[in-house]
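Colleague: Sequence:
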Amino acid sequence: MRNSKSKKSQKTNSTILFLVAVLAVGLLAYAGFFGFKNVFGYRVKPFTETINKGLDLQGGISVLEEIKGNVDNDTLERTIEMLSMRVNPEGVKETTVQREGKNRIRIEIPGEFNSKKVLDTIGKTGKLEFKGPDGNVILTGTDIKDASAYLDDMGSPTIGLELKEAGAKKFADATSKFLNQRIAIYMDDEMLTNPTVSAVITNGKATITGSETLEEASRQANIIKSGALPVTLEAVEFKTVGATLGSNALPLSMKAGAVGISLVLLFMLIYYRGPGLMADIALIFYVVLVLGTFSAVKATLTLSGIAGFLLTVGMAVDANVLIFERIKEELKLGKSIRNAIDAGFGKALSSILDSNITTIIAAIILYNLGSGSVKGFALTLMIGIVLSIFTALTITRFLLKLSVEMGLVNSTSHFGIKRG
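Just so you know, the sequence shown maps onto residues 1 to 420 in full-length UniProt numbering.
Just so you know, nobody snuck in bad clues.
With a straight-line cut-off of 25 Å between C-alpha atoms, the simulated DSS-like cross-links for lysine-lysine are:
#1 Lys145 <-> Lys177
#2 Lys131 <-> Lys145
#3 Lys169 <-> Lys131
#4 Lys328 <-> Lys418
#5 Lys335 <-> Lys8
Since the hints were derived computationally from the structure, they do not count as laboratory data.
Work the whole structure out from these sequences, hints included.
Modeller: Right under this line is the structure:
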């Protein structure tokens with residue numbers, strides 16, 4: 001009698017837990033794809049608004065710049081910082097400025113179609129200026145010897161500035177004249193920082209405080225140092241993706257992805273029935289989880305990235321197929337459903353890890369050696385594979401066990417196995 005009540009209670013608890021899980025997945029999916037207009041006064045944006053879209057999805061300009069002559073790694077990194085500030089001074093655009101090869105820099109500006117403006121902005125000589133409160137120029141980039149960022153004794157981000165001999169003399173006069181006043185630092189007429197002069201500096205070595213983080217201080221130090229870089233940039237590749245082409249690519253890609261995922265869900269449901277339904281719920285959660293991760297890490301989604309994402313959906317399904325086939329083998333040996341599920345997951349683990357780890361290694365190589373769209377493909381592939389392993393081994397297993405406990409999957413025929 002007690003055993004019967006215990007089983008009934010377990011079935012009820014499992015049913016409630018299953019319904020809560022399905023409801024949670026449904027709400028997350030709805031929020032991700034459609035959003036909510038008003039949740040406690042806040043608007044929940046859909047993935048289409050929170051995930052950055054690449055050049056090929058919304059149109060824009062891509063430029064490949066080459067630095068003439070031999071440059072070291074520090075010079076290249078500082079040049080990247082300088083170009084980043086030029087093409088995105090407010091820091092709000094979805095621009096990409098990254099190294100490509102030994103001495104090339106790829107610049108992508110989605111939503112921008114004025115090619116002359118972009119080329120003029122990128123190609124102009126960097127102009128670093130220190131200006132006093134009267135607006136007169138005190139120092140230029142040629143007066144800077146070095147600039148670096150560090151944490152001072154109090155743990156505050158600080159920029160250490162070292163000037164050349166001529167610059168040191170000019171700065172000594174300026175700090176004496178403008179003591180307790182501000183000297184602003186500009187790069188290409190954009191204010192970089194505006195520190196207050198707290199002491200007369202005669203030795204050509206100054207410190208600039210006020211940065212909120214060490215990363216911000218490093219960025220500013222690199223830009224200050226880059227003001228004196230004797231580098232020449234040449235555009236070796238230039239392309240414009242039209243707004244119409246870019247805007248058409250996204251809905252077509254979304255439609256193709258929706259059709260592909262729907263066919264996969266339908267296949268799992270028809271072929272594996274009850275267990276297939278659990279896999280479908282886990283797969284929907286997986287899709288939401290991956291897209292949510294893209295949004296959280298501010299990844300830029302491109303056409304190749306969408307291809308990588310859809311590939312990981314296939315690999316997520318493949319993991320479930322491996323698990324279910326292992327379970328079927330265990331059922332054929334006469335094991336109970338519960339024991340077959342535990343054994344199936346355990347025996348499928350090595351196969352799942354082997355296939356996915358080799359793909360992750362390939363993706364890492366592509367990310368490090370590739371460029372532009374190849375990096376986007378590799379990044380989405382890595383994120384998707386890691387999350388597909390997680391959902392297959394945890395979410396699918398969790399849902400499958402609940403389905404057994406509540407009696408939804410209680411016969412070997414639900415796995416396609418008929419016992420005589």
